Amino acid sequence: EDQVTQSPEALRLQEGESSSLNCSYTVSGLRGLFWYRQDPGKGPEFLFTLYSAGEEKEKERLKATLTKKESFLHITAPKPEDSATYLCAARALGGATNKLIFGTGTLLAVQP
Amino acid sequence: GAGVSQSPSNKVTEKGKDVELRCDPISGHTALYWYRQSLGQGLEFLIYFQGNSAPDKSGLPSDRFSAERTGGSVSTLTIQRTQQEDSAVYLCASSLDRGAPLHFGNGTRLTVT
Numbered sequence: 001e002d003q004v005t006q007s008p009e010a011l012r013l014q015e016g017e018s019s020s021l022n023c024s025y026t027v028s029g030l031r032g033l034f035w036y037r038q039d040p041g042k043g044p045e046f047l048f049t050l051y052s053a054g055e056e057k058e059k060e061r062l063k064a065t066l067t068k069k070e071s072f073l074h075i076t077a078p079k080p081e082d083s084a085t086y087l088c089a090a091r092a093l094g095g096a097t098n099k100l101i102f103g104t105g106t107l108l109a110v111q112p
Numbered sequence: 113g114a115g116v117s118q119s120p121s122n123k124v125t126e127k128g129k130d131v132e133l134r135c136d137p138i139s140g141h142t143a144l145y146w147y148r149q150s151l152g153q154g155l156e157f158l159i160y161f162q163g164n165s166a167p168d169k170s171g172l173p174s175d176r177f178s179a180e181r182t183g184g185s186v187s188t189l190t191i192q193r194t195q196q197e198d199s200a201v202y203l204c205a206s207s208l209d210r211g212a213p214l215h216f217g218n219g220t221r222l223t224v225t
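In order, the protein sequence lines correspond to chains A and B.
Be aware that the first sequence starts at 1, since it is given in our numbering, and climbs by one per residue.
Be aware that the second sequence starts at 113, since it is given in our numbering, and climbs by one per residue.
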């Protein structure tokens with residue numbers, strides 16, 4: 001069964017304290033690994049798509065990387081405005097479906 | 113340009129009533145998705161529309177749930193005879209085509225009392 005697991009469930013950092021969020025996936029034929037940011041009361045906001053192992057994408061203080069089994073979202077010198085829930089999702093090959101399978105997210109709190 | 117628009121933003125209904133949730137996708141986006149997000153749980157896929165193809169309904173939890181997409185644009189998710197376990201945030205997303213990232217609306221928070 002296709003599955004996406006994120007860890008940790010919650011992470012508290014001090015401003016400037018770098019860390020990484022993990023997303024492990026088991027899907028039959030990955031057709032994209034997606035990272036989203038979700039603020040309270042809002043829908044998920046698209047951040048990155050990664051397609052193949054070794055690929056990296058960067059945006060401001062965020063960098064996403066991909067291996068054959070997991071993806072990492074690295075946060076460098078975070079600021080309080082980076083506080084949010086970070087979701088990853090995998091799109092699997094095959095059939096009529098084109099759905100993204102989401103993990104349950106990592107709730108990040110960055111304290112000043 | 114405008115993002116995905118969902119209405120209403122909040123809906124409180126009594127158990128047993130029917131509700132309709134509306135989604136206006138981004139103009140030009142051919143794919144449209146409905147997801148459900150419950151407290152402490154991940155996003156749960158409900159249904160996917162792509163152009164004029166038959167929708168993928170594999171995620172609908174029961175026959176009380178249905179959705180349609182008129183004219184390849186606006187979509188309506190209908191829940192009949194609502195139950196308390198239907199309480200959740202219902203999110204709509206659209207994408208430019210089959211392989212593109214999804215862009216989400218801010219959801220409809222449904223509370224069944």
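Simulated from the structure, these hints should not be mistaken for laboratory data.
From a predicted model like this one, the values you see are computed outputs, not experimental measurements.
Please note that a few of the clues may not be correct.
Label pairs and their calculated CB-CB ranges [claimed, not checked]:
#1 A:LEU107 <-> B:THR225: 20 to 30 Å
#2 B:ARG210 <-> A:LYS57: 12 to 22 Å
#3 B:LYS169 <-> A:LEU93: 18 to 28 Å
#4 A:GLY16 <-> B:THR225: 25 to 35 Å
#5 A:PHE46 <-> B:THR190: 38 to 48 Å
#6 A:ALA77 <-> B:SER174: 46 to 56 Å
#7 B:SER178 <-> A:PHE46: 35 to 45 Å
A few chain B residues facing chain A, derived, Cβ under 7 Å [as the list claims (entries may be wrong)]:
#8 VAL124
#9 GLY154
#10 LEU155
#11 TYR160
#12 ARG210
#13 PHE216
#14 GLY217
#15 ASN218
#16 GLY219
Below, computed lysine-lysine pairings styled on DSBU-like, alpha-carbon distance capped at 35 Å [as the list claims (entries may be wrong)]:
#17 A:LYS79 <-> A:LYS57
#18 B:LYS169 <-> A:LYS68
#19 B:LYS129 <-> A:LYS69
#20 A:LYS42 <-> A:LYS69
#21 B:LYS127 <-> A:LYS42
#22 A:LYS63 <-> A:LYS42
#23 B:LYS127 <-> A:LYS69
#24 B:LYS127 <-> A:LYS57
Where a beta carbon is used, it is the ideal one built from N, C-alpha and C, also for glycine.
Tell me, in ascending order, the numbers of any earlier hints that this structure violates.
When the structure is compared with the hints, numbers 4, 5, 7, 8, 19, 23 and 24 turn out to be violated.
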